[in-house]
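Student: Could you use the hints to bring the two separately framed chains together as a complex?
If you read the protein sequences in the order shown, they are chains A and B.
The first sequence begins at 3 in this note's numbering and counts up one residue at a time.
The second sequence begins at 66 in this note's numbering and counts up one residue at a time.
Everything labelled a hint here was simulated from the structure, so no lab data went into it.
Beta carbons are placed, not taken as given, at the ideal position from N, Cα and C, and that holds for glycine.
Some hints could be false.
[Unchecked claim] Distance condition first, Cα-Cα at most 27 Å in a straight line; then the derived DSS-like pairs of lysine-lysine:
1. B:214 to A:218
2. A:9 to A:210
3. B:214 to A:210
4. A:218 to B:126
5. A:210 to B:203
[Unchecked claim] If you only want the chain B side, here are some residues facing chain A, beta carbon under 7 Å, derived:
6. 120
7. 169
8. 184
9. 216
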Amino acid sequence: MLIYFLKRLGLAVLVTIAVSMISFMMIRVSGDPAIALAGEAATSEEIEFVREQYGFDRPLIIQYLEWASRAIRGDLGESPYMNLPVTQMIGNRIGVTMTLGVCALSFAVLLSVPLGVLAAIRPNTWIDRLALTISVIGQAMPSFWFGLIMIIVLGVKFRLLPISGAETPAHFIMPTIALGYYATPAIMRLVRSGMLEVLSSDHIRTAKAKGLRWGKILFKHALRNAIIPVVAVLAVQLGFMLGGSIVIETVFALHGIGHLAWVSIGRSDLPVVQAIVLLLSIIYVVLTFLSDLLNAFLDPRIRVK
Amino acid sequence: MKHLLEVKHLYVDLPLPAGMLHAVRDVSFHLDMGETLSLVGESGCGKSITALALMNILPPKAIRRAEILRFEDTDLLRLPDEQMASLRGAKMAMIFQEPMTSLDPCYTIGNQLVEAILEHQRISKQEARGRAVYLLDKVGITGADSRLKQYPHQLSGGLRQRIMIAMGLMCGPSLIIADEPTTALDVTIQAQILELLASLQREFNMGMILITHDLGVVARVADRLAIMYCGQVVETGPTADVFSKPIHPYTRGLLDCIPVPGKTRPGDKLGSIPGIVPTPIGDLFGCSFRNRCSQATADCIQDVDLLELSPGRAFRCLDRPEACRPEGLEVRT
Numbered sequence: 003m004l005i006y007f008l009k010r011l012g013l014a015v016l017v018t019i020a021v022s023m024i025s026f027m028m029i030r031v032s033g034d035p036a037i038a039l040a041g042e043a044a045t046s047e048e049i050e051f052v053r054e055q056y057g058f059d060r061p062l063i064i065q066y067l068e069w070a071s072r073a074i075r076g077d078l079g080e081s082p083y084m085n086l087p088v089t090q091m092i093g094n095r096i097g098v099t100m101t102l103g104v105c106a107l108s109f110a111v112l113l114s115v116p117l118g119v120l121a122a123i124r125p126n127t128w129i130d131r132l133a134l135t136i137s138v139i140g141q142a143m144p145s146f147w148f149g150l151i152m153i154i155v156l157g158v159k160f161r162l163l164p165i166s167g168a169e170t171p172a173h174f175i176m177p178t179i180a181l182g183y184y185a186t187p188a189i190m191r192l193v194r195s196g197m198l199e200v201l202s203s204d205h206i207r208t209a210k211a212k213g214l215r216w217g218k219i220l221f222k223h224a225l226r227n228a229i230i231p232v233v234a235v236l237a238v239q240l241g242f243m244l245g246g247s248i249v250i251e252t253v254f255a256l257h258g259i260g261h262l263a264w265v266s267i268g269r270s271d272l273p274v275v276q277a278i279v280l281l282l283s284i285i286y287v288v289l290t291f292l293s294d295l296l297n298a299f300l301d302p303r304i305r306v307k
Numbered sequence: 066m067k068h069l070l071e072v073k074h075l076y077v078d079l080p081l082p083a084g085m086l087h088a089v090r091d092v093s094f095h096l097d098m099g100e101t102l103s104l105v106g107e108s109g110c111g112k113s114i115t116a117l118a119l120m121n122i123l124p125p126k127a128i129r130r131a132e133i134l135r136f137e138d139t140d141l142l143r144l145p146d147e148q149m150a151s152l153r154g155a156k157m158a159m160i161f162q163e164p165m166t167s168l169d170p171c172y173t174i175g176n177q178l179v180e181a182i183l184e185h186q187r188i189s190k191q192e193a194r195g196r197a198v199y200l201l202d203k204v205g206i207t208g209a210d211s212r213l214k215q216y217p218h219q220l221s222g223g224l225r226q227r228i229m230i231a232m233g234l235m236c237g238p239s240l241i242i243a244d245e246p247t248t249a250l251d252v253t254i255q256a257q258i259l260e261l262l263a264s265l266q267r268e269f270n271m272g273m274i275l276i277t278h279d280l281g282v283v284a285r286v287a288d289r290l291a292i293m294y295c296g297q298v299v300e301t302g303p304t305a306d307v308f309s310k311p312i313h314p315y316t317r318g319l320l321d322c323i324p325v326p327g328k329t330r331p332g333d334k335l336g337s338i339p340g341i342v343p344t345p346i347g348d349l350f351g352c353s354f355r356n357r358c359s360q361a362t363a364d365c366i367q368d369v370d371l372l373e374l375s376p377g378r379a380f381r382c383l384d385r386p387e388a389c390r391p392e393g394l395e396v397r398t
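Only chain B is shown next, with the shape it has when bound in the complex (with noise of 0.2 Å):
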């Protein structure tokens, strides 16, 4: 079966002063349609620079390279920079993690609705309008007729990042990118927006990415998740099965840091991954997680390639999964 995006050994340079800076290193995965696909990781760990290759709007000096790049039928990595255009925003959306600063203070709100879709389809304005109204009762915003009349800094950030939302399914895409999407809402938006997501894409069976930071996001939402470090994947599988049997050391680590309920008590102790993520500038060479890995040994210096446990579920570390631990961590959605 053909997937819906295909990515294999995916690499993007950034020329920095200070050095090659090796944003994304070697990323492979497939997404299908209806199906939701997690990039986990820390800040700069290359989940934000994956996407944005993805769409080819990287900054301007950035070097992208891969083995295959497809999106449905598409060779994204032979795709002329106009029909990439079209393709943006049509096919593929993306939503990004500041809903205060997205959207341009200069312009209603329904002249930024309706200006991608009158860009990529031939609709009159009066459809496109009708378009807006429908998709922004579609995630909730009441009264859309007069909302459309109104400019960025009159909403709150939970409505503009549903506005985010709504403009990004303007064109019907089959891919949305969700980079970050509730990090800067408070705790009780951010959940309202990620069901909003999640329902939005099983209503219109689009392919989503989904980054973020959060494993509880993950966890409720993800199907398969890829866990990243230093640009790289260094674990990846289903959701249940990564966070009920994790593998690699950085993904133990991290799943040791968030409290679980009913196991962890007050007055535990959370864990914390001892050292700081190092800068891939320059030639890099063996395990990235080495230097705060508690299980690292001198063979560490290798390089190490994605092992594959089964179909699907794999990791990039030389210590084998009999090492990983025997009881696993419950999975609370």
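Just chain A, same shape as in the assembly (with noise of 0.2 Å):
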């Protein structure tokens, strides 16, 4: 056990640090930063002056590696424009982008989870075709485009939820739902079909050649073994969640880590950028570490040798 954690671990730190390297070189290669942070009207003295003046000029490696030496020890650099701390900016915001990501994780295993197993022990019954329909459509349509229709209907005709903004909890409703949603399908299906599978097994047989009550066979032995790739799959979800909060945000004027990431590619706020970078994948990287911990746990045959 202890050797598994440990080379889920030393993966998880190499991941960071490939992850921090690609992006750091991609955002170099995007654009000149001096000429972006010049503005405009910049003479090509001045673009050279700024360029000096930022440390453009030197090699990328140094660059990188004088940029990773600060992040490791917490100092993430200071925004041009706003003449603010990274770290500062970033950690006003976390708090949004925090509360969203968890509701929306919920929402989604909270709807997918009890779904996909209406769904398996009522095959081919109307509630397995709800549950079908409703992954299809989560499916199938864009989340920002259900974060308008949301707005539109439940925001502007029925005025029952505020459309924008983080004051309230009852603002984080529908970009929850919008986000949370995205998510659902792909859990519920494999649900669905991990519990179809693990009921039509031979354990479930024995079980239920023991005697045991339903609800012992359903929630101890079925679910139980259904859900150990659910946990895995759920990191990748959670990535992708990441992702679509920056969307998410936009649309709902949450001002957020996704929001800011938005603004500061606007205005090749690189400082900035690359640090939600670098948190995001971090973040990813420990979720993913989390599901491996959890299916250790859940999983004797990855726990015990």
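Tutor: Next comes the structure, spelled out in structure tokens:
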């Protein structure tokens, strides 16, 4: 178990480093930061000055190492536009994104797991068809469009919910549904097919032959086995959600990390974009690591050799 | 005398896209305490479905009907599902063919051993654990205490089957159904597991239904046997009797397929039954074996009833026992 844990941890660290390198390079390649910083009317001398000032004239590898060594100590630089430390800018906004992420994931899990289980224990009935319909719609509909429809119907027409901002819990309802619904189909289908497979397996027949109660067969033996692959997919779905939150935060004017990323990309605010990419990749890696641990906890075949 | 288990005219139908599969057709037998009855037949002959029908754990769409289905004093046909569930695992236990997959990979052996008894009896966890240790010892598993903490994937097939047997015995059942308990095991282990089953059955005086396609297994442990073909019992009787004087052409064909020590010499050809087993879908009539039978006549398209030759000895063939071969096969156990 300890070896498994260390292996996964080592892998997580390596992935984080690789992502930070690749993202650093990609952002430099996407345009000359000095030109962007100096402004449209700048002369070539001014651009040259900015380039030297910010150290963009040095080799990429040196720039990266300098940035990385400061990032490790928690210093992500300063935004040249806002004249604020990047850590402070992110710190101000991370709460909104985290709230949205946790709410959306909970919504997705609470909707998809029960529906998937119901669909599996009553295959080819109306409840199965309903679950299928819900998942097909969720799969086919872009989340920003669904968000806009909700704004029009729930916000503008019936005035049930606020349409922008993050002041009250009510502000999070529509963004949560829009973002969470997007992750629902994959999880639900996986729960359904997993449950169907487990329910027809030999050890469920054993459990029946032992005369166990139906609830015990369903939850103790079937769901426990069916949920193992779902946990692994959850981490991937969360990754999609992090990307999706950039869109959703923009649609609902939630000032979170996603919104900050969108604005910063628009004005080539490199330190901020760089920091957000790093942060998202760390979140993703940490979640994957946690899902690996959870998987090991759930599945003794991983945990016990 | 009342039998431990009595089955009369049991039918099981399974609706399939291709039509109605008549998996079990008019199967009758009985079983007493301390007795072993073997259900013998090829794959798909309905022997496992018969067992599942007794336990009432058939696939959801299966239709079960019978004239009598009685276990001890309980009429299983009219028993509500909940009471049936409290009988399963408690008074009737079942052991399956695939020890590799019949245990839940997510829970320890100990957890799975005590789970049924905790469900069926008012007993403390400590007592249940004690019973599990006692039974693991009974089925020949050493170091029971540490085994309880292990997971199925850490154990070999033979060990898992021993655990399945111990699990079946936890609540002290009076009927044990073993569905091909040794088929998935390698030959040396097969003998041990059979020996174990037979000795435990004697010790606890249980009735045992042993389902198998292996006539060698039958010869070793069964008191009586019922040969099944295409969902029907085609011949039944005391093991030695059926082996020495087989009547039904199918039984004779089966016995021809196995080598007899001392009689079959190297280079001899073993018998085989031509053709394949028909699938019992749709409207069925006449003898199911007629297409593969060398003695079949035009009359064989008539339905055949089970004909009793003497008490407990019956067969399902128009051909009369005179036709049975004069020199019967010897039974070696």
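Student: Compare the structure with each hint and give your call.
Tutor: Going through the hints against the structure:
Distance restraint check for residue 214 of chain B and residue 218 of chain A: the Cα-Cα separation of roughly 21 Å lies within the 27 Å cut-off, and the hinted pair is therefore satisfied. Only pairs whose Cα atoms come within 27 Å are accepted, and residue 9 of chain A paired with residue 210 of chain A is rejected, the gap being roughly 39 Å. For the hint linking residue 214 of chain B to residue 210 of chain A, the alpha-carbon distance of about 23 Å falls within 27 Å, and the restraint holds. For the hint linking residue 218 of chain A to residue 126 of chain B, the alpha-carbon distance of about 22 Å falls within 27 Å, and the restraint holds.
For the proposed pair residue 210 of chain A and residue 203 of chain B, the alpha carbon gap of about 24 Å is at most 27 Å, so the pair holds. The restraint placing residue 120 of chain B at the interface with chain A holds, with a minimum CB-CB distance near 6 Å, inside the 7 Å limit. A least Cβ separation of about 4 Å between residue 169 of chain B and chain A falls short of the 7 Å threshold, and the interface hint therefore holds. About 6 Å separates the beta-carbon of residue 184 of chain B from the nearest beta-carbon of chain A, less than 7 Å, and the hint is met.
For the restraint placing residue 216 of chain B at the interface with chain A, the shortest Cβ-Cβ distance is roughly 4 Å, inside the 7 Å limit, so the hint holds.
In summary, the structure is inconsistent with hint 2 from the numbered list given earlier, while agreeing with all the others.
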